[in-house]
Amino acid sequence: MTYPSLSGIDAGRELSRVRAAAPLVHCLTNSVVTNFTANVLLAFGAAPAMVVAREEVADFAAIAGALSVNVGTLNAEQAEAIRLAVASAILAGTPWVLDPVAAGALAFRTDFCRELLDARPAAIRGNASEIRALAGLASAGRGVDSQDSSEAAIDAARTLAERCGAVVAVTGEVDYVTDGQRVLAITAGDPLLTRVTGTGCSLSALVAAFLAGADDRLTAVASACATMAVAGQLAAREAPTPGRFAVALLDQLSLLDSRALEGALQ
Amino acid sequence: MTYPSLSGIDAGRELSRVRAAAPLVHCLTNSVVTNFTANVLLAFGAAPAMVVAREEVADFAAIAGALSVNVGTLNAEQAEAIRLAVASAILAGTPWVLDPVAAGALAFRTDFCRELLDARPAAIRGNASEIRALAGLASAGRGVDSQDSSEAAIDAARTLAERCGAVVAVTGEVDYVTDGQRVLAITAGDPLLTRVTGTGCSLSALVAAFLAGADDRLTAVASACATMAVAGQLAAREAPTPGRFAVALLDQLSLLDSRALEGALQ
Amino acid sequence: MTYPSLSGIDAGRELSRVRAAAPLVHCLTNSVVTNFTANVLLAFGAAPAMVVAREEVADFAAIAGALSVNVGTLNAEQAEAIRLAVASAILAGTPWVLDPVAAGALAFRTDFCRELLDARPAAIRGNASEIRALAGLASAGRGVDSQDSSEAAIDAARTLAERCGAVVAVTGEVDYVTDGQRVLAITAGDPLLTRVTGTGCSLSALVAAFLAGADDRLTAVASACATMAVAGQLAAREAPTPGRFAVALLDQLSLLDSRALEGALQ
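Residue numbers (my numbering), protein chains in the order written: chain A, 1 to 266; chain B, 267 to 532; chain C, 533 to 798.
Source of the hints: derived by calculation from the structure; they are not laboratory data.
For clarity, every value in this text was computed on a predicted model and none was experimentally measured.
Positions of the beta carbon are idealized from the N, C-alpha and C atoms, including for glycine.
Treat the hints with caution; some may be incorrect.
To be verified - Partial pick of chain C residues on the chain B-facing surface, computed with a CB cut under 7 Å: (1) Leu616; (2) Ala619; (3) Leu638; (4) Thr773.
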């Protein structure tokens, strides 16, 4: 079965909207990728803020444009901060994104992610193994790697989207984004995106940026995925090795404009 | 009103002094910028040490050449470690620097920074919003961004410097550095410095490096600001996008010598 | 006295074995180098996983190919997680590596490292000061810097290796690797490796990758050291400044093959 592709025109319009708004994105993310995530947001033109303390997260989630939650190095203290931030985001109407890193592989974080599903995330972004695990299906992940193709998680993504009222993005060789009814496919990208740590995690933060002030959440999430995938594709052309690729990815995120994004999605 | 510029000759001499001494800089900083801060210090020629545990910070602050404290991702545990480190630094005569990230925007860290002002920092380095907030004035910050120009914080900086006995640096498009009496201006820099996370935070660590063994603290702090600003200016010439700029900034910090710094400040 | 060099043929064979296996390496490391360590492992072709919570480390250490423990920013909470991970690794037969950052300079971590020596590390990787301190000798370190040459720690390394049943690597201008009986020398490398934070720490994670499934642990550890040293040497040729060097190091780790490694060690 084939799914419709994200429209280049829609993606270009979303990119322009987000860059003009420069939304403040509150990130509660893992310790491996905080720096890279902040630089991805800054390079694109959003404003990252990594506020982490229990004493501060609720205040900040209420004034941020969006909140990004990532459980990659979850511990009990961070879980408590995430609960406070998410509760505040919901009260304030701040959209929030869940990145369920390695859900399914480890019980502590899997249970926590399932608990968070009740708190109505605006979006969930993960690989096929993580999305299948959240939907209650068996998966073949080992930690952060997905051993499943993204296609194998489309049904799980739809189920999860319907159950939570969230847009769900399964990213991989092809990205699929669904609100439970519609499914959009994004075929850009490059394997080098898997050779640099934090490209998926920072994509989740970019998804949050695109959700700030979005009219159509499905298009917004898909456009964030397209932005990262196309920037990765362009970066790989000039930089075929992981060190230079990571640098070029930031550069391309800063250079990519609506026209180039639209052209790349034709 | 205009302020005298930092003398190029003074800045060049300070740069040579610090690089020859290769001071050990103890950093208690935020989780977003630890890696970049260490690399900034190493690239320039100082020796970073990120000792964080309550069990160790007091011992280490006593043997370090200087201590750099940054509240960007403050939590209760780190606040306790900072208190111990600062108390030990004062007893040992180790100069210490306060970087009050997002002070004014969030109560927990603002209160903590105000508490630390009693512990006689040798220097305080922040943007206009942060310095105004510490001085007790209203500010327009939203998290780490300053919405005020650095010029709008000069009076606040003088007041704060007099009250604490610290050198205060307000950085922005123009940097102003004051000991309460004198004010020095530094007009180098590049907007790309705001597109990479941690350039301000690592400047605070560089300020600490310049304070180790300094005779004239005003000149030392201003010279650290000039070093970062000129390195940023040179980096922007060869690298106009944020990914490559961050790499080039480290390179320029390693290459910059007293003569080039002196020339750039004419 | 001179020691035999690591055989290029052995090193090349080990490199090919590890890259083909793409082992899952569980890292409990310091907050300065988590990102760089993950990128070093990914660039080379291994699979990093930075699982840190007390609730998860035991489960993960049991399924990982190897475990890498680094005490660079040790605190009480991490010490507890490390104890759980190491105990699980031993039960499961997972080889684990100790990187005793700044042992000898600070009592808390030195005591903890000594406690861990009873838990039979497969390998210990440190600079001369750290290895001397673990063996109970006086050292001249100041934090993470070694003031001793690696040669001055060979006897300490042999003693430590015999006492713990571990392979011990002392890295510096020349690297020495010993199992207590044999000593292998690796003379590749470049001083720029000391101008980027985390090259030693990420080498310890690479040592863990090489230990996963190794037949001959002495050769495996020495080959990991040679891989980093030769990649550093090649990176320095194209990138003489620390910013570009760090990028080039990742690139060379991804490009280096068994033939090039073998050739470089002739």
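**Prompt:** Does the nearest C-beta of chain B fall within a distance shorter than 7 Å of the C-beta of C:Thr773?
**Reply:** Cβ of C:Thr773 sits 4 Å from chain B, so the hint holds.
**Asked** Can we keep the C:Ala619 interface hint, with Cβ of chain B closer than 7 Å?
**Response** Since the shortest Cβ distance to chain B is 21 Å, the answer is violated.
**Message:** Under 7 Å is the threshold here; is the Cβ of C:Leu616 close enough to any Cβ of chain B for the hint to stand?
**Reply:** With a closest approach of 18 Å, the C:Leu616 hint is violated.
**Request:** With chain B as the partner, please determine if C:Leu638 meets the hint condition of a C-beta pair closer than 7 Å.
**Result:** At about 5 Å, which falls below the 7 Å cut-off, the nearest Cβ of chain B leaves the hint on C:Leu638 intact, so it holds.
Of the numbered hints listed earlier, those contradicted by the structure are 1, 2.
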